[in-house]
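Listed here are the chains, written in short residue letters.
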Amino acid sequence: MSAAERLGRDADAGEPEALHRPAVAGVLAAALVACLIAALVGVPRDGAHLPAVARQALEAAEPGWGIAEPVNEVVYGSRGFDTFGETFLLLAAVVSVTTLTRRREARSEHAGSQGEEEAGRRERDEIDPVAETDHTEATARIAEDDERPQSGAGNALTYPDREPLGSPAPEHAAGMSVVTRTAARTAAPILAVGGVYLAAEGYSPGGGFPAGAVLLGVVLLLWAGFGTQRMGPVVRQDPVEALELAGAVGIIAIEVLGLLIKGSVSANWLPLAHSPTTIFSGGVLQAFSGSELIEVSTGLTLTIFALLAMRHDWTPDEDEVEES
Amino acid sequence: MILANYVAAACVFGLGLYTVLSRRNLIKIVMGLSLMESSTYLLLISMAYRRGSTAPVLSNPQPGQTAGSLARGNVADPVLQNFCLTAIVIGVAVTAVFLSVAVRVAQHYRTLDADRIRALRG
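Listed in order, the protein sequences are those of chains A and B. For reference, each letter of the first sequence is one residue, going 1 to 324 in our numbering. For reference, each letter of the second sequence is one residue, going 1 to 122 in our numbering.
Bound conformation, chain A alone (with noise of 0.2 Å):
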């Protein structure tokens, strides 16, 4: 038994579910339904009049930014500050993942070490030759020495088609089959420009946001083909989160420059272009577009990958040795 069927055992079948929790909780969740409808069916429905607040950012859009996409006016503009905001909270979320997933530093790195990490690797490293390896832990070693970014070079993960289909896992196969390759690298550039074009001419709702998303199924779809081994060295951490660290600071910058020379946040300071839907139609806008593009799509890069690389622990535990 593997230990992702060890850990769904343990949650889901490994002992009898109490029969109270599924009672109470949906003795609970039927309340709390309905009273969410009692609430619903008071609230205005589709033949309703739009709130002020959506009709002047329709008609705010055009002549006052100079686009033609009110949600965007929303977004960037006349509720920028929530976007500030929540833009803060993904880099947040981000930060929370970041320090979640790091793997653990090496004594060596802090100041006042002793060198004890390089004292102690040849013992740490080291496998017990007396102790009885069987064929799960020695698998399971394997899988472990092939995940090390070290060890790569002329095997399976370098070359994964030499993988032979529907092998048990640990899976070795770091990448996909050259057709899968083939299309991702032709896709890849194709989305990518799509993705910018959301966010600079294409005047998508939301801009940056959606824009960012793409961008990230570009980076995701090349993983997906390539695997770690290969994208690991193109996206890595450092220069990724300086990106990410870029776009608040401009965002920051655009928000805190409209308070100082027009004196609102999100207030537009840059000169609009005659005509709408140009890539220098929406002012601040565009701007704060462009910068939102560059905080999501590095963002949930980051997020994406900080998960991806946290390690697998093949190694089964003894009580899991013994029932095999």
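None of these hints come from the bench; they were simulated from the model. As the structure is a prediction and not an experimental result, all values here were calculated from the model. Be careful, since some hints might not be right.
Claimed, not checked - With a Cα cut of at most 25 Å, we get these calculated SDA-like pairs of lysine to any residue:
#: 1; chain 1: B; residue 1: 28; chain 2: A; residue 2: 100
#: 2; chain 1: B; residue 1: 28; chain 2: A; residue 2: 21
#: 3; chain 1: B; residue 1: 28; chain 2: A; residue 2: 32
#: 4; chain 1: B; residue 1: 28; chain 2: A; residue 2: 20
#: 5; chain 1: B; residue 1: 28; chain 2: B; residue 2: 67
#: 6; chain 1: B; residue 1: 28; chain 2: A; residue 2: 239
#: 7; chain 1: B; residue 1: 28; chain 2: A; residue 2: 308
Dock chain B against the given chain A, drawing on the hints supplied.
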């Protein structure tokens, strides 16, 4: 009949809450939270809809119309669409944090069973 959307959103929220309260597997609890988030997207987009309305986009008006007349016409609510965008981004961020906590818990306790994480008791 937009009320059906409102009721569906409330039911999806209830399903998510039921999952969070009744499941012991941390991944399933996170999935329940994602269901609750998704119900808010459905509710916000449904509340933004107006019968017979167009999307809040003022480019390429039909002959005889201008961007100004489109803005004064029957258009979906852009403010609630903005809220939906905000909710999606926050939902992604929160789910990522929860998942990383779940992975760390699984590595530390060798289980995803919320009942077996004894260190949280007492």
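A quick look at each hint next to the structure:
no. : hint           : in the structure
1   : 28(B) / 100(A) : 20 Å, holds
2   : 28(B) / 21(A)  : 15 Å, holds
3   : 28(B) / 32(A)  : 20 Å, holds
4   : 28(B) / 20(A)  : 18 Å, holds
5   : 28(B) / 67(B)  : 47 Å, violated
6   : 28(B) / 239(A) : 34 Å, violated
7   : 28(B) / 308(A) : 19 Å, holds
When held up to the earlier numbered hints, the structure conflicts with 5 and 6 and fits the remainder.
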